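Enquirer: If you want the building blocks of each chain, they are given just below.
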Amino acid sequence: MTIDEHVREAFRDWSDDVRVPGDLASKAIRRRGRRRVKAGVAFAGAVAAVTALAFTVPSLIQDDGGRAVVAGPTSGELLTDPDSSPPSRLVAAGGVAVYAYYTWQADTTRERTWYLYDQEKKTYEKTPWDMLDVAPGGQRTAVLEQFPANRVGVISGPGAEPRWIELAQPAAGVRWSPDGRRLLVTTYKSDPDVNTRLITEATPLPETSKTPGGVPVTGDTGPNDTGPNDTGPNDEEQPRTGFAVVDVEQGTVAFVPLGHAAEPANRRMDLRWSDDGTLIWEPTVRPPYRNYYDLEGKPQAMPEQDTRFPDGFGIDPYADFPDGKPDTGDGMIVHAGPMDLSTFTPQPLKPIQGHHVESGLAWADDTNFVAWACEVEAAECVGGEFRNRLVLVNTDGSGLVPLTGFRENSQRPGSWEPHLSRR
Amino acid sequence: MDAADERRFREFVSARSPALMRLAYLLTGGDQHASEDLLQAALAQTVAKWRSVESPEAYVRQAMYRQQISWWRLARRRNETAMAEPPERGGPDGTNGAELRIVVRRALARLTRRQRAVLVLRYFEDLPEAEVAAMLGCSVGTVRSTAHRSLARLRALAPELETLREPYTIFGEATA
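Residue numbers (my numbering), protein chains in the order written: chain A, 1 to 423; chain B, 1 to 176.
If you are wondering where the hints come from, they were derived from the structure by calculation, not from laboratory data.
One thing to keep in mind: the hints can contain errors.
[To be verified] Computed spacing ranges between beta-carbons, pair by pair: (1) Ala130/B with Glu120/A: 54 to 60 Å; (2) Ala134/B with Leu79/A: 38 to 44 Å; (3) Glu6/B with Arg12/A: 52 to 58 Å; (4) Glu111/A with Glu99/B: 56 to 62 Å; (5) Ala254/A with Pro128/B: 56 to 62 Å; (6) Ala134/B with Thr123/A: 43 to 49 Å; (7) Asp275/A with Arg7/B: 24 to 30 Å; (8) Val20/A with Pro128/B: 27 to 33 Å; (9) Glu6/B with Asp179/A: 41 to 47 Å; (10) Ala130/B with Asp294/A: 50 to 56 Å; (11) Ala130/B with Glu377/A: 22 to 28 Å; (12) Gln146/A with Ala19/B: 51 to 57 Å; (13) Pro257/A with Gln32/B: 33 to 39 Å; (14) Glu408/A with Ala15/B: 27 to 33 Å.
[To be verified] Partial chain A-side listing against chain B, Cβ under 7 Å, derived: (15) Ile3; (16) Pro21; (17) Ala25.
Note that the structure is predicted; figures quoted are calculated from it, not measured.
Cβ atoms here follow ideal geometry from the backbone N, Cα and C, with glycine treated the same way.
Construct the entire structure; sequences and hints are all you get.
Expert: Following this line, the structure appears as structure tokens:
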């Protein structure tokens with residue numbers, strides 16, 4: 001038997017195990033009814049949010065020529081570099097800024113080259129660091145050297161030397177707390193970016209599809225995404241050992257052992273702060289998609305504020321949504337780039353300013369978010385779905401502002417990924 | 001949906017739910033609860049479009065495939081790669097008959113949703129690659145490369161398959 005035949009036989013044999021529940025039709029009808037109610041409530045909530053924040057957020061409107069312009073009072077100046085990829089000038093919108101970005105090169109080891117915005121030179125400068133995170137406000141940067149990094153550095157301004165804080169465990173991930181006073185360092189016993197499967201098994205890169213609503217394999221911008229060829233954790237033992245909370249001013253380090261979740265998504269499983277900085281979390285593969293812990297490593301429930309608009313995650317332009325309205329009922333889904341659900345034809349019903357929004361990255365405020373978008377012509381992404389740029393778009397799809405130039409192919413070595421921080 | 005529409009919908013579900021549940025079960029990696037949820041979600045979408053849907057079964061099938069991809073995409077944006085249920089520890093190490101089927105099944109359960117969806121379309125539904133691409137809304141090249149990686153990962157997860165000496169084919173391409 002060939003492997004094809006084994007797979008066929010396994011599928012047939014396996015499908016015999018399923019149980020067919022009763023009254024699926026009634027459940028589907030009831031479910032449809034609940035979704036319609038939920039959508040109405042969510043839409044009303046979105047309108048209220050727009051009203052409440054009208055004086056604090058950028059407002060995207062269209063001028064007579066159909067171009068997006070920014071109008072009204074803003075809490076953060078809109079800074080764009082729409083002709084450059086990666087950007088050469090600071091890119092920022094609402095409450096977030098691209099203070100750093102990285103390029104990646106290899107498939108077997110996720111080698112990154114980080115670039116950090118230099119406020120004196122007014123451009124991004126190459127750095128020697130293996131990992132970094134910019135503190136809210138953009139004034140300080142935490143850096144890690146190549147794994148195994150046994151210390152974390154804090155840089156307080158352009159050209160400044162790092163102040164090093166020794167770590168007891170080798171680290172590969174670092175995050176500033178929302179108040180900018182502490183660091184969350186994720187520790188590993190082996191390099192989480194070395195994908196041993198890929199070293200032994202050469203796999204082709206994905207080809208591009210010109211269909212805007214195709215099935216892109218575009219990863220997100222977080223370092224936890226180990227690249228386009230990553231298919232999940234390897235079979236070997238997972239490398240995370242735990243985390244350390246570093247008090248930057250005091251220079252104290254408290255290490256807490258914490259292994260991987262039951263179903264780790266990747267070898268790199270960096271921990272992140274909750275919105276209020278009281279808890280930490282890791283991504284998981286099943287709803288609610290996050291495991292929360294206190295700073296002693298004890299499991300905790302997801303905080304209420306985190307469920308609303310999880311920053312940097314949760315905008316799914318292709319998600320199932322009823323009747324074309326934003327579905328924020330569970331705080332996870334916002335409609336930005338529509339799919340025709342009547343036919344499941346993956347074409348944008350309403351391209352925005354000649355762009356099709358592919359995936360969201362972070363909320364600039366309650367009604368605008370930073371996203372990847374491709375250029376649309378004749379219902380196709382020009383150059384394929386992996387040729388895309390950063391944009392600022394609002395949730396009702398009526399306004400869009402290009403933030404950067406286009407990446408030629410996000411799945412190819414040499415491509416860049418933004419690192420968004422709070423302003 | 002009026003009473004006549006609802007009756008026809010119920011008849012459709014009653015007649016086709018066994019086959020649709022089989023498909024949902026495979027797509028979710030043998031997760032009974034998830035497969036019921038997947039099918040219910042697809043049926044709920046079908047209810048909403050009942051009058052305009054020409055082929056309800058094709059619509060439901062595509063809804064399930066697309067929903068799987070959607071969940072996969074959502075997971076990716078959360079810096080994850082979706083996985084099926086992890087396999088049980090231990091197990092048979094034989095290379096023939098029923099034991100090998102179990103080994104293959106467990107390996108299939110460990111593929112990503114995207115990988116498994118492509119293999120289900122190709123080997124359970126027996127669709128040619130062009131139809132697989134149309135169903136998933138991607139290019140034929142993407143289907144081919146995904147299938148290639150899926151089988152390669154399958155062999156890595158089920159080393160017993162390495163003992164097979166025959167060449168295997170990937171969409172018509174003989175591979176040693």
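Enquirer: So, for every hint listed, does it hold in this structure?
Expert: Hints, one by one, checked against the model:
1. One distance hint, 54 to 60 Å for the beta-carbon pair Ala130/B and Glu120/A, holds here, with the actual separation near 56 Å.
2. At roughly 42 Å, the beta-carbon separation of Ala134/B and Leu79/A lies within the given 38 to 44 Å, and the hint holds.
3. Distance hint check for Glu6/B and Arg12/A: the Cβ-Cβ separation is about 33 Å, which falls outside the suggested range of 52 to 58 Å.
4. Between Glu111/A and Glu99/B the CB atoms are about 42 Å apart, so this pair departs from the stated range of 56 to 62 Å.
5. Between Ala254/A and Pro128/B the C-beta distance comes to about 58 Å, which sits within the given range of 56 to 62 Å.
6. Taking 43 to 49 Å as the suggested C-beta distance range, the pair Ala134/B and Thr123/A conforms, at roughly 45 Å.
7. Asp275/A and Arg7/B have their C-beta atoms about 49 Å apart, which leaves the hinted 24 to 30 Å range violated.
8. Checking the proposed 27 to 33 Å range against Val20/A and Pro128/B shows it holds: the Cβ atoms sit about 29 Å from each other.
9. At about 56 Å, the beta-carbon gap between Glu6/B and Asp179/A misses the expected band of 41 to 47 Å.
10. The supplied range of 50 to 56 Å is met by Ala130/B and Asp294/A, whose beta-carbon atoms lie about 52 Å from each other.
11. Between Ala130/B and Glu377/A the Cβ separation comes to about 24 Å, which falls inside the hinted range of 22 to 28 Å.
12. For Gln146/A and Ala19/B, the hinted distance range of 51 to 57 Å is satisfied, since their beta carbons lie about 54 Å from each other.
13. In this structure, Pro257/A and Gln32/B meet the distance hint of 33 to 39 Å, their C-beta atoms being roughly 35 Å apart.
14. Evaluation of the 27 to 33 Å hint for Glu408/A and Ala15/B yields a failure: the beta carbon distance comes to about 50 Å.
15. A hinted interface residue such as Ile3/A counts as satisfied when its beta carbon comes closer than 7 Å to some beta carbon of chain B; here the least separation is about 4 Å, so the hint holds.
16. With a least beta-carbon distance of about 5 Å to chain B, the hint placing Pro21/A at the interface is held under the 7 Å criterion.
17. Hint on Ala25/A holds. Least Cβ distance to chain B is approximately 4 Å, under the 7 Å limit.
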